Amino acid sequence: MDSERDSQSPQIVSLSDEDLMARVAEDDERAFTELVGRFRARVTNLISRVLNDRESSDDLAQEVFVRVFVHRRNYRTGSKFSTWVFTIAANLAKNEIRRRVRRRNWFSLDALTEVFSDSIIQLADPTEGREQVLEREQLQGAVGQAIATVPEKYRLALVLRDIEGLSYEEIAEVLGVPGGTVRSRINRARSMLKRKLQPLLRKQDGS
Amino acid sequence: MNRCHQAAGIFGAYWDRETTVAERDWLEGHFKTCPRCHSEYEQLAATLSAVTELPRHEVRPDFTQRVLVAARAASAVADSIRVPPQRSVPWVPVAATAALLLVVGVSYFNVLGPHSAPGELARNQSTSTPSGVPSSSQVVASVPLSHEPVADPRVTGVVAVVTDSLFDHTADVEFMLEPVQLRRGRAHTGSRLPDGVQGDQVVITF
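Line by line, the protein sequences give chains A and B.
Residue 117 is where the first sequence starts when you use my numbering, and the numbers rise one by one after that.
Residue 109 is where the second sequence starts when you use my numbering, and the numbers rise one by one after that.
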């Protein structure tokens, strides 16, 4: 069994996302594991940035992949897998935002602080001084908070473009809106973000 | 001012490197003459740099394993056919229904009397039409269970409608016959064979 796995592993790794998904549709769990490995970081990051909540983003990202597996036979052969998985993730994130708005407990400052302190500890440059670390921490916290306050439809487009690096065409497909609408939403989101962060960025430039 | 408005309109495309060469050259030329636009763009670029440089969150090491377990469980639920739980048969309604049926059966037997035969009841009922019966235009003679001759109003130009007495009608049987016309004591049906095709004709003699 192990030797069989070893002999097939290089083959699985070299397959495209779409070919892997075709195998998943035929109940190939190893292909599914490979797909999860390829997309887990991007899906978790997308949800985390949209919700600004690390803990929930893990659970929701897990739900994204569960849905991929459950609906594996609904995947349209020929369509791009990344677009499909980001569509599921975006829809789940939107639903979660709306659920939180309904419950009126949207945006926990404690969770935000925890998220950014985790990230900063992971990426801290040992050569940086304490003051620089604090400055960067402050900036990243402010950016995350500013993104979280952008209205949902603009925020999703912004995160997909400027954090996940999707093309405008891919975003249009994920969000189910025309390309012109995507451009307009991204421009508006960027302007909002610039206005929110301007004082902090000026202060940083001054120092 | 109009040029500044135009310039601001392509800031996003310039950041995304999606402008044409002509647009890029024009915007960069404008920046040299308009420090305000240049400053605006620098602020946007600083904002977007801060966004793109946000650290990516690490995924838990057991993430894939947890997904697999959850996916298997969810898939098993989705694939299974839900069977409603079996209920034990309540004996009180069953006994009550049985008693009611017994009473109805006894009453029915008393009304009809001991000499009534099942065939008599059947004669008083109209025959049911089985599925797949031809249309009314095709049905010409339907032999009733009673022995009295019946003239079917749907049959036009027919000399007489012949009832069939060769069979036992005590059973609930219905016969669907083709049009039968009498000519000097002989009956014959019209051929349904296409034109030009020869074949034997059915002739019924009474």
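I should point out that these hints are in silico values taken from the structure, not numbers from a laboratory.
Given the structure is predicted, the values throughout are model-derived calculations rather than measurements.
It cannot be assumed that every hint is accurate.
As the list claims (entries may be wrong) - In silico lysine-lysine, DSBU-like type, Cα no more than 30 Å apart, as pairs: (1) A:210 / B:140; (2) A:196 / B:140; (3) A:269 / A:310; (4) A:269 / A:196; (5) A:210 / A:310; (6) A:210 / A:269.
Verification of the supplied hints:
no.	hint	in the structure
1	A:210 / B:140	violated (43 Å)
2	A:196 / B:140	violated (42 Å)
3	A:269 / A:310	holds (17 Å)
4	A:269 / A:196	holds (22 Å)
5	A:210 / A:310	holds (23 Å)
6	A:210 / A:269	holds (9 Å)
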